[in-house]
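Just so you know, the sequences run in chain order A and B.
Residue 0 is where the first sequence starts when you use numbering that gives the first Met the number 0, and the numbers rise one by one after that.
Residue 0 is where the second sequence starts when you use numbering that gives the first Met the number 0, and the numbers rise one by one after that.
The set of hints was computed from the structure by calculation and includes no laboratory data.
Bear in mind the structure is a predicted one, so any value in this text is a computation, not a measurement.
Treat the hints with caution; some may be incorrect.
What the hints assert, rightly or not - To list a few chain A residues with every Cβ distance to chain B over 12 Å, as calculated:
(1) W11
(2) F30
(3) Q49
(4) Y91
(5) L95
(6) M130
(7) A138
(8) L139
(9) R162
(10) P164
(11) S170
(12) L175
(13) L177
(14) L239
(15) Q254
Stated by the list, open to error - What the simulated footprint calls covered on chain B by chain A, stretch by stretch (three residues with Cβ under 8 Å from a Cβ of chain A suffice, anywhere in the stretch; the number is not a length):
(16) 60 to 74
(17) 78 to 86
Beta carbons are placed, not taken as given, at the ideal position from N, Cα and C, and that holds for glycine.
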Amino acid sequence: MRVSPRHALSVWKRNFALYRRTWKMNLLPNFFEPILYLVSMGIGVGAYIQEMGGTSYIAFLAPGLVAVAAMNGASFEVTYNAYVRMNFEKTYESMLTTPIQPEDVLAGEILWAMTRSTIYGGCFLLVVAAMGLVPPLRALVAFPIVPLTGLLFAAIGIAFSLRIPSIDLFSFYFTLFLMPLFLFSDVFFPLQERLTGVWLQVAELLPLLHPVRLMRTAFAGELGPMVAWDLAYVALLSMLLLWAAARVTRRRLTQ
Amino acid sequence: MIVSCRNVSKVFDDRVVVDELDLDVPAGQCFGLLGPNGAGKTTTLKMIYGVTRPTSGTVHVFGEDVSRDPRSVRKRLGVTLQENALIEVLSSVDNLRVFGRYHLLSEAEIEARVDSLLDFLDLRSHATLPVQALSGGYKRRLSIALSLMNDPELLILDEPTTGLDPAVRLSLWSRVGELRARGKTVLLTTHYMDEAERLCDRLAILSEGRVLVDGAPKQLILSHLARDAVELDQDPSRHAALLGALHDVKSLRGGRRLIFYGDDGPALLDATRRAGADHEGLHLRPTNLEDVFLSLTGTGLEGGA
Ligand SMILES: Nc1ncnc2c1ncn2[C@@H]1O[C@H](COP(=O)(O)OP(=O)(O)O)[C@@H](O)[C@H]1O
Ligand SMILES: [Mg+2]
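When you get a sec, could you build the whole thing from the sequences and use the hints?
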């Protein structure tokens with residue numbers, strides 16, 4: 000069964016209708032989180048650092064934190080929220096009494112997670128641009144990387160959510176997967192400079208590394224051959240995970 | 000036929016949940032699936048609207064094979080799930096709008112539909128309040144309204160009145176009556192006998208995934224038992240004597256209850272008295288579907304004898 004874009008959009012609209020009611024409560028904490036990191040690390044720790052990666056420390060942090068905001072914006076939707084909708088609120092069961100098909104549900108949820116990711120990542124990108132940490136034109140070039148990051152982490156998150164038997168396991172996902180990614184994916188220090196030999200290749204497996212590097216490239220305004228590899232990684236891993244997720248979704252929702 | 004199931008079975012992990020079921024629902028009728036919890040009612044409905052695939056057999060709805068194009072079939076039907084699945088923080092109106100979008104209705108169609116359903120199911124008084132604050136009866140009416148958003152030809156109701164108070168049940172029954180008057184076909188499940196007798200033109204009694212009997216309620220009662228029933232509440236030690244005295248009369252027993260069936264109620268009542276039954280705890284009533292179910296399975300529909 001193929002995705003029907005209009006039905007997928009109706010799933011998206013369901014989430015949007017709910018979000019419109021609760022956005023103030025949701026938006027504020029998520030919005031301030033990366034700003035707090037930028038200020039504390041960039042200005043606080045940054046005072047002891049001459050330069051990093053050829054710029055001030057706060058300018059080094061900015062692109063990585065935009066990618067992290069995009070990652071976090073997508074992650075919550077496809078983990079706790081999607082899990083509750085599927086297993087407790089019977090949302091998907093009720094959607095499937097209409098012409099909506101499992102593939103539409105999945106597409107709508109992914110699209111919605113990308114939207115949330117774009118809201119948070121986009122807002123933070125604006126803040127960073129307003130602080131003069133990226134020229135406006137380069138911020139514009141960097142912008143599409145935000146939903147792309149959202150797509151990748153929506154795909155990873157939903158693949159995890161579809162397979163776990165209990166909601167408690169999300170604490171593993173956040174603490175033992177997203178948190179290490181956040182700390183070791185080139186956001187706070189240039190990862191490659193600290194690694195040698197085979198570890199350089201192993202590090203390439205880290206999903207967050209690629210959006211961060213893309214973002215850094217856009218901020219710096221210099222295109223390198225790595226961009227093609229980073230884009231290919233994000234696109235291929237997302238597609239692979241979504242293809243698998245579509246099969247599991249159909250099996251879980253139709254039995 | 001609006002719904003037609005042929006030889007439909009469903010097996011979950013080696014357990015047969017629906018067993019070679021045949022079912023026909025003609026246009027404009029109200030058809031009831033009766034049976035205790037776990038009989039396979041919900042599973043049968045899910046196969047009919049095409050979210051659960053039969054392990055074997057075929058399901059046709061509106062003459063189409065459901066598994067071939069579930070989208071086009073579901074466009075024309077509405078389903079009220081056994082458990083409400085509402086968006087609790089949104090109002091009734093917003094819940095209805097969201098559902099209208101699932102059916103790809105235009106915003107203008109949605110507003111018109113919402114307006115008429117608020118009246119039809121008596122939802123207007125609390126239409127803009129978050130659903131979480133509202134009563135069980137209100138939420139159930141809203142759930143039914145959701146399933147009517149696309150003005151379906153076939154309405155599927157899974158235990159529409161379980162757990163509701165009598166007043167709400169009565170009002171829902173009259174809504175179902177109005178829908179039928181508009182030519183809709185209704186397929187419902189219930190374990191309330193009175194509900195089935197009142198609403199259904201035809202019904203099938205399900206137990207452990209099998210259809211035990213099907214037909215019109217009246218006809219089922221007459222062909223399996225008789226028009227009247229005399230029910231006794233008597234110590235089980237005295238049952239044998241009574242059964243002996245009335246050995247040619249149809250009877251059923253369960254716990255302290257002993258029931259005799261006959262087409263001439265008053266005569267039957269006399270006969271039981273003459274046989275030595277206590278006058279207390281003895282009463283004459285019309286035979287109902289619960290009796291039929293009891294006679295077929297040895298247990299009551301709501302569980303236990
Ligand atoms: N997805 C499922 N996986 C395994 N068993 C199931 C599933 N759905 C229903 N069952 C089992 O099938 C039986 C019939 O269930 P159901 O159709 O819900 O009955 P009813 O609606 O008559 O109460 C029950 O014993 C139930 O546990
Ligand atoms: Mg059920």
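Here is what the structure says about each hint:
A Cβ of chain B approaches the Cβ of W11(A) within 12 Å, the least distance being about 10 Å, so the stated non-interface status is violated. With a least CB separation of 21 Å from chain B, F30(A) remains clear of the 12 Å interface cut-off, as annotated. With a minimum CB-CB distance of about 51 Å to chain B, Q49(A) clears the 12 Å threshold, and the non-interface call stands. Remark: the non-interface label on Y91(A) conflicts with the geometry, its nearest Cβ contact in chain B lying 9 Å away (cut-off 12 Å).
For L95(A), the requirement that its beta carbon stay farther than 12 Å from each beta carbon of chain B is not met, with the minimum near 5 Å. Against chain B, the non-interface label of M130(A) holds: every CB pair exceeds 12 Å, the least being about 35 Å. In this structure A138(A) is separated from chain B by more than 12 Å, as the shortest Cβ-Cβ distance comes to about 34 Å. Distance check on L139(A): its Cβ is at least 32 Å (rounded) from any Cβ of chain B, clearing the 12 Å threshold; non-interface status holds.
For R162(A), the requirement that its beta carbon stay farther than 12 Å from each beta carbon of chain B is met, with the minimum near 19 Å. Separation of P164(A) from chain B is adequate, the least Cβ-Cβ distance of about 16 Å exceeding the 12 Å criterion. Against the 12 Å criterion, S170(A) stays outside the reach of chain B, whose nearest CB is about 25 Å from its own CB. With a cut of 12 Å on Cβ distances, L175(A) stays outside the contact zone with chain B, its closest approach being about 31 Å.
The claim that L177(A) lies off the interface holds: its Cβ sits roughly 27 Å from the closest Cβ of chain B, which is beyond the 12 Å cut-off. Annotated as non-interface, L239(A) keeps its C-beta farther than 12 Å from every C-beta of chain B; the closest such distance is 26 Å. A cut-off of 12 Å between C-beta atoms contradicts the statement that Q254(A) is not in contact with chain B; the least separation is 6 Å. Chain A is given as covering the segment 60 to 74 of chain B, and this holds because 5 residues of the stretch bring a CB closer than 8 Å to a CB of that chain, at least three being needed.
For the segment 78 to 86 of chain B, the assignment as covered by chain A holds, since 5 residues bring a beta-carbon within under 8 Å of that chain's beta-carbons and 3 suffice.
Consistency with the previously given hints fails for numbers 1, 4, 5, 15, ordered from lowest to highest.
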